[in-house]
Amino acid sequence: MKLRLTNKHIFGLKVFIHLTALLPLIWVFYQGAIDQLGGDPVKEILHFTGISAFNLLLISLLVAPLAKRFKIAPLMRVRRLLGLYAFVYAMAHFLSYIFFELQLAWQLIISEIIKRPYITVGFSAFVILMILALTSTSWAQRKLGRIWQSLHNLVYLAAILVALHYIWSVKSDVLQPLIYWALLLILLSFRRQKIQQLIKKRKKTLA
Amino acid sequence: MLIKIPKKSDESESQVTPQAVYQQRRSMLKAMGFLGTSALLASQPVRALSWFSDDQEMFKTTPLSFTKTTEFSTSETLTPLDKVSSHNNFYEFGTAKSDPKENAQQFKVDPWTLTIDGLVEKPITLDYDALTTLFPLEERIYRLRCVEAWSMVIPWIGFSLANLIKRANPLSSAKYVAFETLEDPKQMPGQRNPFIGGGIDYPYVEGLRLDEALHPLTLMSVGLYGETLPPQNGAPIRLVVPWKYGFKSIKSIVRIKLTDKQPPTTWQKLAANEYGFYANVNPAVAHPRWSQASERRITSGGLFNQSRIPTLPFNGYDEVSELYKGMDLRRYF
Chain A
27 MKLRLTNKHI FGLKVFIHLT ALLPLIWVFY QGAIDQLGGD PVKEILHFTG ISAFNLLLIS
87 LLVAPLAKRF KIAPLMRVRR LLGLYAFVYA MAHFLSYIFF ELQLAWQLII SEIIKRPYIT
147 VGFSAFVILM ILALTSTSWA QRKLGRIWQS LHNLVYLAAI LVALHYIWSV KSDVLQPLIY
207 WALLLILLSF RRQKIQQLIK KRKKTLA
Chain B
311 MLIKIPKKSD ESESQVTPQA VYQQRRSMLK AMGFLGTSAL LASQPVRALS WFSDDQEMFK
371 TTPLSFTKTT EFSTSETLTP LDKVSSHNNF YEFGTAKSDP KENAQQFKVD PWTLTIDGLV
431 EKPITLDYDA LTTLFPLEER IYRLRCVEAW SMVIPWIGFS LANLIKRANP LSSAKYVAFE
491 TLEDPKQMPG QRNPFIGGGI DYPYVEGLRL DEALHPLTLM SVGLYGETLP PQNGAPIRLV
551 VPWKYGFKSI KSIVRIKLTD KQPPTTWQKL AANEYGFYAN VNPAVAHPRW SQASERRITS
611 GGLFNQSRIP TLPFNGYDEV SELYKGMDLR RYF
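Top line first, the protein sequences correspond to chains A and B. The first sequence maps to residues 27 to 233 in my numbering. The second sequence maps to residues 311 to 643 in my numbering.
Wrong hints could be hidden among the right ones.
[To be verified] Calculated cross-link-like contacts (lysine to any residue; reagent style SDA-like; alpha-carbon spacing at most 25 Å):
id, chain 1, residue 1, chain 2, residue 2
1, A, Lys197, B, Pro495
2, B, Lys432, B, Leu527
3, A, Lys197, B, Ser396
4, A, Lys197, B, Asn583
5, B, Lys393, A, Leu72
6, A, Lys197, B, Lys485
7, B, Lys370, B, Ile451
8, B, Lys485, B, Arg641
9, A, Lys197, B, Glu458
10, B, Lys635, B, Ser483
Hints in this document: simulated from the structure, not taken from any laboratory.
From just these sequences and the hints, can you work out the full model?
If you want it as structure tokens, here you go:
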């Protein structure tokens with residue numbers, strides 16, 4: 027199967043991604059502000075931003091295998107945008123947690139991040155995504171040279187941390203987190219060789 | 311005679327958004343969260359279920375006659391009825407907070423049978439009418455503190471559980487009280503499908519020590535906000551123990567059994583390291599995954615009107631502390 031994507035197509039796809047990512051985010055915060063998000067708008071916002079960040083991260087991880095399998099290299103040009111929106115949602119999730127859930131009680135924020143493993147794990151994933159977002163420009167890519175690729179391989183670690191954060195946060199209903207784990211493992215399995223090499227290299231440098 | 315000349319800007323009745331459509335906005339939002347941004351997750355049993363149940367008729371509650379008790383009531387700002395009845399943990403109807411309201415409206419509460427038996431001289435069976443007529447009803451405004459660190463203030467209507475237990479004449483060997491929720495998979499989707507019900511072993515069971523059960527604060531609730539309970543809040547009869555985390559206040563009770571051994575409780579069976587038998591509200595003992603030192607009080611107002619307040623020992627009901635004299639409440643959490 028061959029699919030040719032022109033610049034126009036990519037532009038259209040980017041506009042589509044901007045709209046489907048931004049509009050729900052704006053809408054959900056607006057609904058929350060006017061108290062139209064059910065009994066507890068804070069919980070609703072946290073769940074929505076969290077799960078959407080994970081969705082976007084998984085979609086961004088799907089781009090390369092799709093482009094490779096169907097030989098549509100131009101598709102790679104939307105990957106950065108998807109990754110950036112994953113970060114935007116993760117930031118909305120984190121900021122909602124400290125502003126609306128913990129109400130800027132700094133002592134509590136710090137102790138929760140340090141003491142509660144599932145928060146620690148989620149926060150670590152957020153920090154990784156932030157570093158990747160900050161170094162996502164072409165300028166940073168040129169400046170960092172070879173380091174850039176190793177740095178951005180951290181996205182696999184971030185995705186695993188997010189999946190862990192999610193399954194750890196639920197009380198008993200693990201079905202949905204498990205589905206997400208399955209999807210993540212499928213996406214990682216496309217990169218089996220690359221990840222094995224990464225682990226080998228890590229072992230070598232440690233030895 | 312009043313003649314009303316409609317202005318051009320007035321909405322006519324036909325232009326009003328039907329309630330069902332209005333209420334569907336939230337399901338749409340959820341669907342977008344799960345499908346719109348991704349289309350990754352195709353099957354979501356509870357969401358799918360709630361999507362269709364939005365058009366259904368709402369459960370009918372009926373007004374109750376009762377007296378107001380100020381002795382036990384707080385004067386804090388009430389959590390509005392629409393929040394009390396739309397933000398519920400009742401896994402029998404799904405694990406999301408909005409699921410019980412969406413999935414419980416067809417729940418049948420009449421006929422109902424509540425049995426009090428076990429180590430008692432006179433076992434009692436109450437039918438639906440007896441639940442609201444056997445004892446005089448009173449309104450009590452209690453704080454409700456969920457183990458998930460949010461809280462509400464709710465005007466319950468009911469009677470002291472002590473009245474009911476005393477009527478059954480407990481034997482001196484009775485030390486504990488075990489409670490059981492209705493088991494009816496036909497009506498409760500969470501009991502039919504473990505993926506909807508959070509993988510809990512049903513029926514839901516809870517327990518109290520006999521002296522806790524006999525404490526005057528311990529309420530059997532049959533209503534809230536002046537009317538009988540909505541199903542998502544535990545119709546037709548539920549327990550309310552205001553100094554304990556919300557999961558102790560078991561809903562839709564069919565059996566109360568007096569025993570000599572500490573009964574198993576659902577959440578303790580599921581995760582004994584996180585949920586104890588006592589489950590007294592205690593800011594000093596954190597849940598392993600989050601702090602219990604403060605809580606988010608749910609009243610009205612959106613995202614920018616939230617308040618986080620310190621959590622009080624025994625949820626502010628200090629009068630129960632004598633029940634636990636000499637006990638290590640860190641060990642017996």
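task: Take a quick look at whether lysine 485 of chain B and arginine 641 of chain B sit within 25 Å of each other, Cα to Cα.
output: At roughly 20 Å apart (the allowed maximum being 25 Å), arginine 641 of chain B and lysine 485 of chain B satisfy the hint.
- request: Would you mind confirming whether the straight-line C-alpha gap from lysine 197 of chain A to lysine 485 of chain B stays at or under 25 Å?
  value: violated (30 Å)
message: lysine 197 of chain A and proline 495 of chain B were given as a pair; does the straight-line alpha-carbon distance stay at or below 25 Å?
response: The given pair, whose Cα atoms are some 22 Å apart, holds under the 25 Å limit.
query: Given the hinted pair lysine 432 of chain B and leucine 527 of chain B, is their alpha-carbon gap at most 25 Å?
result: Holds, at roughly 24 Å.
task: Please work out if lysine 197 of chain A and glutamate 458 of chain B have their alpha carbons no farther apart than 25 Å.
output: Given that 25 Å is the threshold and the Cα spacing comes to 9 Å, the pair holds.
query: Quick one, are lysine 370 of chain B and isoleucine 451 of chain B close enough, alpha carbons at most 25 Å?
result: holds (23 Å)
field: Hint consistency between lysine 197 of chain A and asparagine 583 of chain B [alpha-carbon to alpha-carbon, up to 25 Å]
entry: holds (12 Å)
- request: Starting from lysine 393 of chain B, check that the Cα of leucine 72 of chain A is at most 25 Å away, please.
  value: Roughly 18 Å between the alpha carbons, so the hint for lysine 393 of chain B and leucine 72 of chain A holds.
query: Under the criterion that the straight-line Cα-Cα distance not exceed 25 Å, is the pair lysine 197 of chain A, serine 396 of chain B satisfied?
result: The given pair, whose Cα atoms are some 19 Å apart, holds under the 25 Å limit.
- prompt: Within a Cα-Cα threshold of 25 Å, do lysine 635 of chain B and serine 483 of chain B meet the stated pairing?
  reply: holds (22 Å)
Hint 6 alone, counting from the list given before, is not met by this structure.
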